[in-house]
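Visitor: So you can see what is in the structure, the chains are spelled out below.
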Amino acid sequence: MSVERMAGAEMLIKALGDQGVDVVFGYPGGAVLPIYDAIFKQNQVRHILVRHEQAAVHAAEGYARSTGKVGVVLVTSGPGATNAVTGLTDALMDSIPIVCLTGQVPTHLIGNDAFQEADTTGITRPCTKHNYLVKDVNDLSRVIHEAFYVARTGRPGPVVIDLPKDILFANGPYSPPTAIAHKSYRPQTDPDKAKIEEAVELIANAKKPIFYGGGGIINSGEKACALFQEFVKLTGYPCTLTLMGLGAYPAGDKQFLGMLGMHGMYEANHAMHDCDVMVAIGSRFDDRVTGRLNAFAPNSKKIHIDIDPSSLNKNVRVDVPIVGDAGKALEAMLEVWKSKKPKIDKPALAEWWRQIDQWRSRDCLRYEKTDKVIKPQFALERLYAATRNRDTYITTEVGQHQMWAAQFMKFEEPKRWMTSGGLGTMGYGLPAAMGVQIAHPGATVIDIAGEASILMNIQELSTLAQYRLPVKVFILNNQYMGMVRQWQELMHGGRYAESYTASLPDFVKLAEAFGAVGLRATKTSEVDDVIKEMLETDRTVVVDMAVDQLENCFPMIPSGAAHNEMLLGPSDKREGGPVSEEGMVLV
Amino acid sequence: MSAIEKHTIAVLVDNEPGVLARVIGLFSGRGYNIESLTVAEVDRANNLSRITVVTSGTPMIIVQIKAQLSRLVPIHTVRDLTDEGPHVERELALIKVVGTGEKRIESLRLADIFRARVVDSTIDSFVFEMTGSTEKLNAFINLMEPLGLADVSRTGVVAISRGSAKF
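Residue numbers (our numbering), protein chains in the order written: chain S, 660 to 1246; chain L, -4 to 162.
No wet-lab data here; the hints were simulated from the structure.
Any given hint could be a false lead.
Stated by the list, open to error - Derived DSBU-like pairs (lysine-lysine); straight-line CA-CA distance at most 35 angstroms:
# : chain 1 : residue 1 : chain 2 : residue 2
1 : S       : K960      : L       : K98
2 : L       : K161      : S       : K987
3 : L       : K98       : S       : K842
4 : S       : K854      : L       : K1
5 : S       : K1005     : S       : K854
6 : L       : K61       : S       : K794
Sequences and hints are given; from them, build the entire structure.
Guide: Spelled out as structure tokens, the structure:
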């Protein structure tokens, strides 16, 4: 077979096609002009023109998380690449597969402080899973295929390919993707059989067990989620999920205790604290989840399954660490369980559930029902009721609204919930919703936002207009950076330094300026009508929900506190103030 | 708190641009210690370099360091020589001592005892070359201090396992 020769830029587009890429989110510039020329000449790969490179990465993240495919970004050199850094870091923290193509000045100018030059591989080294600088067109197709392989396998993550302009013009041979194993990168996906048996034994003999699932189950795929559900149901044990794991287990099922962590459910956190066997799958013992480490599930044996060996024993010492893919590990555990048919301690389990039901009866999401002001929780309850039977995808920005969304929007299946968990990136939700809507044109895609976060990437309303994407932006507007204000109230004597946003725009007029529909609700009686109108409008809609300015997000594990020291509401006081001295220094 | 342990870790990596920056960036970004680090190509045919890094931390941190290193794409193998058992560690130093008279003679005498070689000499200076364990080098350098120690250049530790086992 003769090898096809072509220019670097054409090779790139061909490689994207061979990798099954149908859409690229990007922004042009001098260094990537040859690529844009190649895009112009073909119809296989669609380009979505964003308004800021950070948004291109978040859009690709939304696309990737809602489809399970690799998201692709194309930006120019210098500022194009540096603007993408926040998105890349976000994708690294949340394990989202991204391939980001960055333009670079021609090879002979690298290091000369050329116009729009930045040391992209240097800058992105700590915020990518891996990066490449292509200095020879003969390496180009291999590098692209390798980048996709690295991005989507093992613990997924972002990969940058830096492309000097001369390489894009140079002619070279194109090689299609091959199945040749990588010479050094070999993620371990098959779990150790003996460890799996040890884990099953522990699980079977538990008296107060809990499953603690995370985003790793979703990243493993729908099959892993189905296996997780099968295993949890087979045991009859309670199950909690992390912020990133929501949807891996159906929220409506009675064995689901809800999300755990700082703003997680009272029953989930108490069950974590009191459990005797913890089964962590695809979750990473993040500080938002564990609370104070020396009081974290103190009397438990811990099993931890993770595809990333560096996640094991990182924050919390576990008894049975298992390296492997969540799906494969669950399959292996189910097999052992089904062949051994262990007898579980039913009376102990019944007692455990009785205890859990007691915690549940505290009704931790309770809030003051009132007609005087729109409570943010009320707005989300109504939004959930109106969208639960639709083909709905939810994205969020970061802050109080994000936590309320995690509490009040329920997810019955994976890939329906996109939020910035690890990095906590304000401005994530709108571009992410854009990416989701591109992937799912007929679906209802809602960005639950705060009025501060939304302004961080508000320019993307222009992208939504250009591509007629009917994304719904649901702003819980309290005129404060709510979570900042809440922490200032709890820890800094209510001195609200710079957390109040003066001179907010009129979001209705702002929407109209971008060719979108703007709606507003200021009274509880208007909430349902506005939600109805929003959902029935087949265009981009921005909803300005004027909510209670001073509402705080509860329940809450204060910084430096343990799972069983949750605050249930504003009247729930701890001795010596809500936050300990050690807690004050924590974020 | 667990005790701090010192470990010598050998890492086989692709000899490509940026690989050392990845390793060093990992240590600095995650707050791990580097007591010494050496790197050089060891296998031209397969384009491999070997990094020897001496680090310290609690046992949990040492395990983390190895797991984090293994995660880097161009890294082939990570070996904890301290954990794996008997191994040889050597360091090379070039030590410049400036002086005349009795001090000069004493430095030469001590160099002989320590089996250091003279690789450069002027009428008022010596450059000694010395190979050995870090402790031996430290001891010799300390002795040179009052005798006119002027300059030291050290390679950091290189290490290899004992016996017939390959890397």
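Visitor: Taking each numbered hint in turn, which are not upheld by the structure, reported in ascending numerical order?
Guide: 1 and 3
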